[in-house]
Structures are given as C-alpha cells and as structure tokens.
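The whole structure should be built from the sequences, with the hints applied where relevant.
Here's the letter readout for the chains.
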Amino acid sequence: MPDRRVVVVGAGHGGFQVAASLRQSGFDGSIVLIGDEPQLPYQRPPLSKDYLDGKIGLDLLLMRPESFFADQRIELMMGVAVSEIDRAGRRVALSDGNHLAYDHLVLATGARNRVPPLPGIELDGVCYLRNLAETQALQQRLAAAKSAVVIGAGFIGLEFAAIARGKGIPVHIVELTERVMGRVVCPETSAYFAAAHRASGVAFSFDVRVERLGGEGGKVTHVALGDGRTLPADLVLISIGVVPNEGLAAAAGLAVANGITVDEQLLTADPAISAIGDCASFPSRHSQRNPVRLEAVQNATDHARCVADRIVGKPHAYQALPWFWSEQGALRLQIAGLTTGFQDVTLRGDYDKGEYSAFCYAGDKLLGIESINKPADHAFARRLLAAGRDVTPAQAADLGFDLRAAAMARG
Amino acid sequence: MPQVTYVSHDGKSTTLDVPLGTSVMQAAVLHGVDGIVAECGGSCMCATCHVYVREDQLAKCPEMELGEDAMLDGTASPRQPNSRLSCQLVMAPEMDGLVVNMPETQT
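Protein chains in written order, with this note's numbering: chain E, 1 to 411; chain L, 1 to 107.
If you are wondering where the hints come from, they were derived from the structure by calculation, not from laboratory data. Since the model is a prediction, treat every value here as computed from it, not as a measurement. Some hints could be false.
Stated by the list, open to error - Partner residues are not named here, just some residues of chain L that face chain E (Cβ under 8 Å, in silico): (1) 32; (2) 39; (3) 71; (4) 107.
Stated by the list, open to error - Which bits of chain L does chain E cover? Going by a derived footprint, with three or more residues having C-beta under 8 Å, they are: (5) 41 to 48; (6) 59 to 70; (7) 80 to 93.
Beta carbons: idealized from backbone N, C-alpha and C, even for Gly.
This is the structure we're talking about:
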C-alpha cells in the first residue's frame with residue numbers, strides 16, 4: 001500500500017526537491033512541505049553571490065512561483081516549525097499547536113550557523129550569511145560598512161570577501177587554521193586562492209583565534225585576537241561553518257552522530273522516516289561506505305530524488321557522485337568527489353595562471369578532482385569519478401593524456 | 001516583449017514572454033516550466049538547464065563561452081550540435097520567437 005501522505009520537514013533544496021520529484025514520479029497522495037521561514041522555497045547558493053551583490057532580486061531566488069505548488073498539489077506550510085515527532089502515533093506537532101499525521105516523514109531540516117561562544121557575539125553589526133533574512137540584513141550593513149572582519153576562511157567567508165572588496169570595503173579574514181578552505185581543498189588550492197584574494201586587497205591572519213568582539217553603545221567596533229592585535233570592524237561576519245539540525249530526530253529516539261544516521265537508502269531505523277541533505281549522515285559509495293554528512297545543493301537534491309524513488313516503490317541505494325562549487329570574484333572552484341583523507345596531489349594545467357585541476361589521491365586511488373577555472377576538467381571529472389574510472393597521477397600530469405576521451409569512454 | 005517556446009520531451013509546448021536581459025532558464029523557472037532544473041541557479045556550474053535550440057535559430061543566440069562549452073560535456077542527456085545551457089541564453093531582441101526543445105532528463 002503506497003504512502004498516502006508524505007510530510008516533508010524543511011523547505012530548502014532537499015525538501016523542495018522531494019516534493020517536486022514525488023509528483024514527477026506520479027505519486028498521487030498528499031504532500032505537505034513545512035518550512036520555518038516565511039518565504040516560498042528559495043535557492044541558497046546565490047545568497048552569498050549574486051543576491052548579496054545586488055545583481056538579482058528575490059524573484060530570481062525562488063525555486064518556483066507560488067502557482068507551481070498549487071498546480072502540483074503540494075501543500076505549503078511556511079513560517080511553521082515542527083516541534084516534535086510522535087513516532088508511535090505517526091504525527092508531528094507544529095509550532096502553531098496543531099498536529100499533522102504522516103505515512104512517511106522526510107526530515108530535510110538542514111543545518112544552522114555555528115555560533116562561537118565569544119564575548120561580544122551579541123553586538124549589533126555581527127552578521128551571518130545562511131538564510132535570506134540574514135543576507136538581507138548583511139546587505140544593508142554592507143552598504144554602509146567601513147571595514148569588515150570575517151571570522152572563518154571557508155566558502156562563505158571567501159565569497160563574502162570577494163563581494164565586499166568589489167565594493168571597496170577593507171576586509172580582514174581571521175582563520176583558526178593555517179589555510180583557507182582547509183576542510184575541502186588541497187594545500188595547493190588553498191595557497192592559490194589566498195594569493196588571489198590578497199591580490200584583490202583582502203588581509204589574512206592565519207593560525208590565530210579570536211579572543212572577543214568589542215564595541216561601543218552596543219555596536220561592534222573591533223575584534224580582539226589571541227595574539228594581542230586588535231582589528232577595527234563595524235561589520236563582523238561569522239562564517240565558521242554549520243551544525244546539523246538533528247534535535248527533532250534525537251528527541252524522537254533516532255540515532256544521531258554529526259547528523260541523523262541513515263542507511264544507504266537514506267532511511268532511519270524507523271521505516272517511516274527518512275533524512276536527507278545537510279542534516280543526514282549516510283554511508284557514501286564515494287567514501288568507502290563510511291558515514292559522511294555533506295553540505296551541498298547536489299547532495300540535497302540527489303538525496304531527495306532517491307527518497308522520492310523509494311516512496312513510489314522503486315527503492316535503490318544512493319549512489320550519486322558528490323560535487324561542489326564556489327564562486328569568489330573571478331575565481332570558479334568546482335570539486336568532484338570526496339577528497340577527505342587524500343595523501344598526494346597531482347596538478348594538471350597552468351597553476352600560476354589559475355587554470356588547473358588538482359587530482360587528489362589516497363595511494364593509487366583517485367578520490368576527487370578540484371578544478372579552478374577549468375570547467376571542462378570538472379565536467380570530465382564528474383563522469384570519470386561517477387563511473388569509478390581511474391586516472392593515474394602520471395596520466396593526470398600529462399597534458400597529452402586525453403581526459404575527455406577517458407571520461408567519454410563507454411563501459 | 002520577445003517570446004520563447006519551450007517544447008518538453010513528450011511534445012508539450014509552452015510559450016512565454018521573456019523580458020530582454022532575462023535568461024531562457026530564468027523565465028522557465030519563474031513560470032514553473034517543467035524540464036529545466038537549473039540546480040546551480042544559473043552559474044553555469046551544473047549543466048541541468050540543457051536545451052536543444054532550433055537549428056536555424058542557433059546563430060541568433062549569444063556566442064558560447066568556454067565555460068558553457070565545457071559544461072555541455074557533462075549533461076545527463078546526450079549533447080548535440082544545437083545543445084546550449086539555457087542559463088547562458090540571455091534574451092536579446094533578435095531572439096524573439098526562439099524555440100527550445102528540452103531533453104529527456106537533466107539529472
């Protein structure tokens with residue numbers, strides 16, 4: 001008996017896609033999409049790029065117009081939070097006091113900003129960049145900012161820095177570790193990006209912690225560092241990563257460990273509850289089945305399609321190749337595969353010109369490929385890695401080796 | 001206002017008014033046209049807004065840049081000589097009447 005009502009908690013990329021894919025696959029039951037933000041479901045990647053920069057408006061952020069949801073019979077409950085899951089009763093409790101029954105529940109609760117326990121964190125002028133409201137607030141600040149300090153040199157911090165520099169605002173990035181994007185790229189790529197940002201006027205302090213945020217009259221005025229220095233700032237962006245929203249699942253007795261634990265079909269231990277996207281920890285084919293939790297649009301939407309397939313009676317293990325991207329000023333970074341645990345890097349292309357790919361290996365095994373202003377390599381990388389084909393370090397380094405032919409080969 | 005006709009893989013046709021400066025992808029998404037996914041939001045990063053442009057209209061479209069040419073090698077449905085990424089087809093007056101066919105799958 002097919003599920004009659006699917007309730008999706010979270011209306012980000014994953015939640016939206018489950019609803020859309022269920023209808024596309026012919027699911028005829030009821031679909032309820034619950035989101036705790038007031039807006040229609042919108043795309044997040046442009047927030048830290050074209051939207052923050054003022055190049056596109058809210059209309060172009062929306063996943064689909066409002067009429068789409070009516071046409072597709074997707075019931076939207078926006079501005080509503082789920083407060084509890086009653087597994088025995090197969091229903092969720094809502095922030096408005098109502099209850100909603102489900103036959104299948106999809107948790108697409110995403111992640112939230114990691115907030116450091118710093119003195120002064122509550123000061124006016126301390127900003128975040130994850131959802132629309134935060135981005136709109138940041139946009140206003142940015143228009144009047146005299147100097148910005150960014151805490152954390154990940155994708156978000158660097159994307160913000162590129163936009164702020166484009167507006168002529170001094171930017172200083174403070175990073176606890178020794179390099180930019182250290183969690184996701186190889187040292188060579190970190191070095192290239194740090195140099196490029198420096199060339200556009202970004203200042204960096206590495207290997208240093210923030211001691212406190214200081215202010216006057218409730219407004220932030222400076223950032224005090226562990227090495228005794230003080231950086232002036234009327235805008236401080238906190239971009240030190242996110243933590244998964246796993247509380248609902250944990251409170252309902254489901255296993256959590258850096259994300260909601262799911263199997264290779266993205267199902268929790270409760271056969272009526274799936275978890276997808278940023279909040280889900282799953283055994284990936286591309287991580288030797290070790291549990292991973294990925295923060296990426298591709299991951300969220302491909303998870304969603306996999307769960308929709310299962311709900312309509314076509315179950316399969318999740319197989320999709322992870323990929324990621326970032327745009328920082330003129331720099332385009334595209335990553336295919338999971339490079340965690342790499343030991344060796346082979347560069348292909350012109351590193352000094354900033355048009356290259358980094359092939360990351362563990363022993364002989366190709367784990368992933370980072371492409372910098374090399375979209376062709378990225379397109380081939382996705383095909384190669386998805387097919388599980390190998391490219392040796394010697395081949396990778398040899399520009400005479402035909403990457404396209406290797407990627408397009410059949411079988 | 002210039003118009004674009006979107007033809008789905010099963011032959012269903014939808015014609016939209018597309019303002020100058022708006023991409024063929026953006027107009028499709030704004031109007032909920034099925035068949036264009038545009039997972040990256042129009043950054044030429046994902047190759048899920050793939051369309052086939054009517055052959056005799058290819059010359060009216062903006063020239064293909066290297067990034068688009070490259071990403072077209074990663075489309076889910078086969079690349080053809082008339083393949084384009086619709087996020088890169090920004091509406092210009094001479095593109096009025098453009099007809100694009102959507103592939104069987106984008107992902």
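Subject >> Hints the structure fails to honour >> reply: 7
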